[in-house]
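Engineer: Heads up: the protein sequence lines correspond to chains A and B, in order.
Quick note on our numbering: the first sequence kicks off at 107 and runs consecutively.
Quick note on our numbering: the second sequence kicks off at 208 and runs consecutively.
Honestly, the hints are just simulated from the structure, not real lab data.
Please read all numbers here as calculations on a predicted model, not as lab measurements.
Worth double-checking, as some hints may not be accurate.
Said to hold, decoys possible - Selected chain B positions facing chain A (in silico; Cβ < 7 Å): (1) Tyr239; (2) Ala266; (3) Thr428.
Unchecked claim - One side only, chain A facing chain B, incomplete, derived with CB under 10 Å: (4) Phe130; (5) Phe139; (6) Thr141; (7) Leu147; (8) Thr156; (9) Gly161; (10) His200; (11) Ala204; (12) Leu207; (13) Asn278; (14) Arg282; (15) Pro297; (16) Ile298; (17) Leu337.
Quick reminder that beta carbons are idealized off the backbone N, C-alpha and C, glycines included.
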Amino acid sequence: MAGISRVLEHRLVQYRRTFRSSVFTSFLSPLLFLTAMGLGLGGYVDRSGTAALGGLTYLEFLAPGLLAATVMQSAAFEATFPIIGGLNWQRTFHAMYATPLSPRDIALGNLVWMAIRVAMIATVFTAIIVLFGAAHSPLVILGIPVAVLTGMSFAAPISAFSATQRTPNQFNVIFRFGITPLFLFSGTFFPIETLPSYLQPIAWLSPLWHGVDLTRGIVLGTLADRPVQMLIHVIVLAVIVTVSSWATIVTIERRLVKG
Amino acid sequence: MTLPSLPLRVAPPLTFGSRRALRLIERNLYVYRHTWVVIVSGFFEPLFYLLSIGFGLGALVGTVPGPGGAPIPYQLFIAPALLASSSMNGAITEATLNFFFKLKYQKTFESILSTPLSTADIALGELGWALIRGGLYTLGFLVVMVVLGLGVSPWLALTLPGALLISLAFGAVGMACTSFMRTWQDFDLIQLVILPMFLFSGTFYPLDSYPEPIRLVVQLTPLYQGVDMLRSLAVGIVGPATLFHAVYLAVMGLAGLVVVSRRLDKLLLR
Numbered sequence: 107m108a109g110i111s112r113v114l115e116h117r118l119v120q121y122r123r124t125f126r127s128s129v130f131t132s133f134l135s136p137l138l139f140l141t142a143m144g145l146g147l148g149g150y151v152d153r154s155g156t157a158a159l160g161g162l163t164y165l166e167f168l169a170p171g172l173l174a175a176t177v178m179q180s181a182a183f184e185a186t187f188p189i190i191g192g193l194n195w196q197r198t199f200h201a202m203y204a205t206p207l208s209p210r211d212i213a214l215g216n217l218v219w220m221a222i223r224v225a226m227i228a229t230v231f232t233a234i235i236v237l238f239g240a241a242h243s244p245l246v247i248l249g250i251p252v253a254v255l256t257g258m259s260f261a262a263p264i265s266a267f268s269a270t271q272r273t274p275n276q277f278n279v280i281f282r283f284g285i286t287p288l289f290l291f292s293g294t295f296f297p298i299e300t301l302p303s304y305l306q307p308i309a310w311l312s313p314l315w316h317g318v319d320l321t322r323g324i325v326l327g328t329l330a331d332r333p334v335q336m337l338i339h340v341i342v343l344a345v346i347v348t349v350s351s352w353a354t355i356v357t358i359e360r361r362l363v364k365g
Numbered sequence: 208m209t210l211p212s213l214p215l216r217v218a219p220p221l222t223f224g225s226r227r228a229l230r231l232i233e234r235n236l237y238v239y240r241h242t243w244v245v246i247v248s249g250f251f252e253p254l255f256y257l258l259s260i261g262f263g264l265g266a267l268v269g270t271v272p273g274p275g276g277a278p279i280p281y282q283l284f285i286a287p288a289l290l291a292s293s294s295m296n297g298a299i300t301e302a303t304l305n306f307f308f309k310l311k312y313q314k315t316f317e318s319i320l321s322t323p324l325s326t327a328d329i330a331l332g333e334l335g336w337a338l339i340r341g342g343l344y345t346l347g348f349l350v351v352m353v354v355l356g357l358g359v360s361p362w363l364a365l366t367l368p369g370a371l372l373i374s375l376a377f378g379a380v381g382m383a384c385t386s387f388m389r390t391w392q393d394f395d396l397i398q399l400v401i402l403p404m405f406l407f408s409g410t411f412y413p414l415d416s417y418p419e420p421i422r423l424v425v426q427l428t429p430l431y432q433g434v435d436m437l438r439s440l441a442v443g444i445v446g447p448a449t450l451f452h453a454v455y456l457a458v459m460g461l462a463g464l465v466v467v468s469r470r471l472d473k474l475l476l477r
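Next up, chain A with everything else stripped away, as it sits in the complex (with noise of 0.2 Å):
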């Protein structure tokens, strides 16, 4: 624990420096978001009709999958250039190595830190939900742990790829082909079920449906309608970041001991 505290530690310091950057990509980007997809776009959806959105209104339908989304993307960014940066370029994490840090602290370390950014973003994000008057729930305050989880869904295993990377070309692959695609066809901006109906189970694949479908669940109260689905969401979720955490730490034990 306390590994993972000094290098938790190095991370806040270096964040103390960089944040007024951040503070855009993470704060008022979705704001701007939810207010032009959800007011403007969704005054066009409102207008044909909400039966396809169970009676909700666009804004309400969005806004708790855009802050799955949301999440999903600040925390891929968090997963691929500070780890490449501090085993190729920086080499902050070697000289970590050299002092009485283990590779799981350090690997522990920045997912703690990740964590942590996700959970800031996350709780603006629900207060701007608040604020839009888009949530049905008390229980909102639930969708920070859920989107914590999401994220680190997404987190966990980039890192861990991330740590077996020497230029950061393959990350536009993942960003092209992995985030983008999750992003817009995971239930965020339109319900799964106006997909064609063999397109549907491939949501289930998405980390990030599980995200939306559990977050969803929690803004707007329905949690207790579909109990079952919901606890197969948090299991799903779980059991990603368990395991891709795992992998982190040998990624990133593999690269430091062998080089």
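Got chain A sorted already, so can you dock chain B onto it with the hints?
Structural biologist: Chain B alone, transformed into the frame defined by chain A:
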């Protein structure tokens, strides 16, 4: 470097750069040969957006008022707007982050200047490369539009040069802005302009929900000019306003080119 004579300094775009700019395009072709996946992937981004927002969400929207006020299907409304905004985004990425990296870290331009190429050749070559890329993406996107049944007007063919004009305008101004940047953090300022423009310039929904003063401001943004130009062409309702949009973007692009070449002179030659 000798200073150009007075008339050339007054009207530089007329003699801007030389055929040597082609050598820079050739260089970029060689460099990207190894990361062709990055190039190919750029084509899919607007396509994914079209399928998701246009067809997935569009099924819930139905029709919206198009150019001229007549209702059009949402897919037809959003497709040209996605083309315009992806032209903008592609040009901005190339002209800001990639350009900055070559300028400050890789020192690519310094080595190029030790050859007979001039700074204007660099500006022109980089922009030409961005336009070739943008043109390929646009062509791919237009084919997809026709295949999906969104090719309703013969004017659609003109969206290809239209999209290139958008790339030119944003690419040139983007490079000009980049030449003033000091650190990576400064690029947040560019995002601060680009993202609101992407979301609020009539890209995703018509402007008629805005109050009059806001609508006027939005109509002055370069992205709105591009979106409205491509949308009018795609729907086939073309008028003097379409031509005005084109002139607006062309002037913006030329102004950007002049600024960037002067800034490169200052940064690299003095």
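Engineer: Confirm or reject each hint.
Structural biologist: Right, here's what the structure says about each hint:
For the restraint placing Tyr239/B at the interface with chain A, the shortest Cβ-Cβ distance is roughly 11 Å, beyond the 7 Å limit, so the hint is violated. Interface hint status for Ala266/B: upheld, as the beta-carbon distance to the closest one in chain A is roughly 5 Å, under 7 Å. For Thr428/B, the interface hint is violated, the least distance from its beta-carbon to any beta-carbon of chain A being 14 Å, above 7 Å. Given the 10 Å rule on beta carbons, the hint for Phe130/A holds: about 5 Å separates it from the nearest Cβ of chain B.
Given hint, Phe139/A at the interface with chain B, holds; its Cβ is 7 Å from that chain's nearest Cβ, closer than 10 Å. Proximity of Thr141/A to chain B holds as hinted, the smallest CB-CB distance being about 8 Å (cut-off 10 Å). For the restraint placing Leu147/A at the interface with chain B, the shortest Cβ-Cβ distance is roughly 5 Å, inside the 10 Å limit, so the hint holds. A least Cβ separation of about 9 Å between Thr156/A and chain B falls short of the 10 Å threshold, and the interface hint therefore holds.
Hint status for Gly161/A: violated, given a least beta-carbon distance of 13 Å to chain B, over 10 Å. The interface hint given for His200/A is violated, since its Cβ lies 22 Å from the closest Cβ of chain B, which is over the 10 Å cut-off. Because the closest C-beta pair between Ala204/A and chain B is about 27 Å apart, greater than 10 Å, the hint is violated. With its C-beta approaching chain B no nearer than about 28 Å, Leu207/A sits outside the 10 Å limit, and its interface hint is violated.
The criterion of a C-beta within 10 Å of any C-beta in chain B is met by Asn278/A, whose closest approach is roughly 5 Å, and the hint holds. For Arg282/A, the interface hint holds, the least distance from its beta-carbon to any beta-carbon of chain B being 4 Å, beneath 10 Å. For Pro297/A, the shortest C-beta to C-beta distance to chain B is roughly 9 Å, which falls under 10 Å, so the interface hint holds. At its closest, the beta carbon of Ile298/A sits 9 Å from a beta carbon of chain B; the interface hint therefore holds under the 10 Å criterion.
At its closest, the beta carbon of Leu337/A sits 28 Å from a beta carbon of chain B; the interface hint therefore is violated under the 10 Å criterion.
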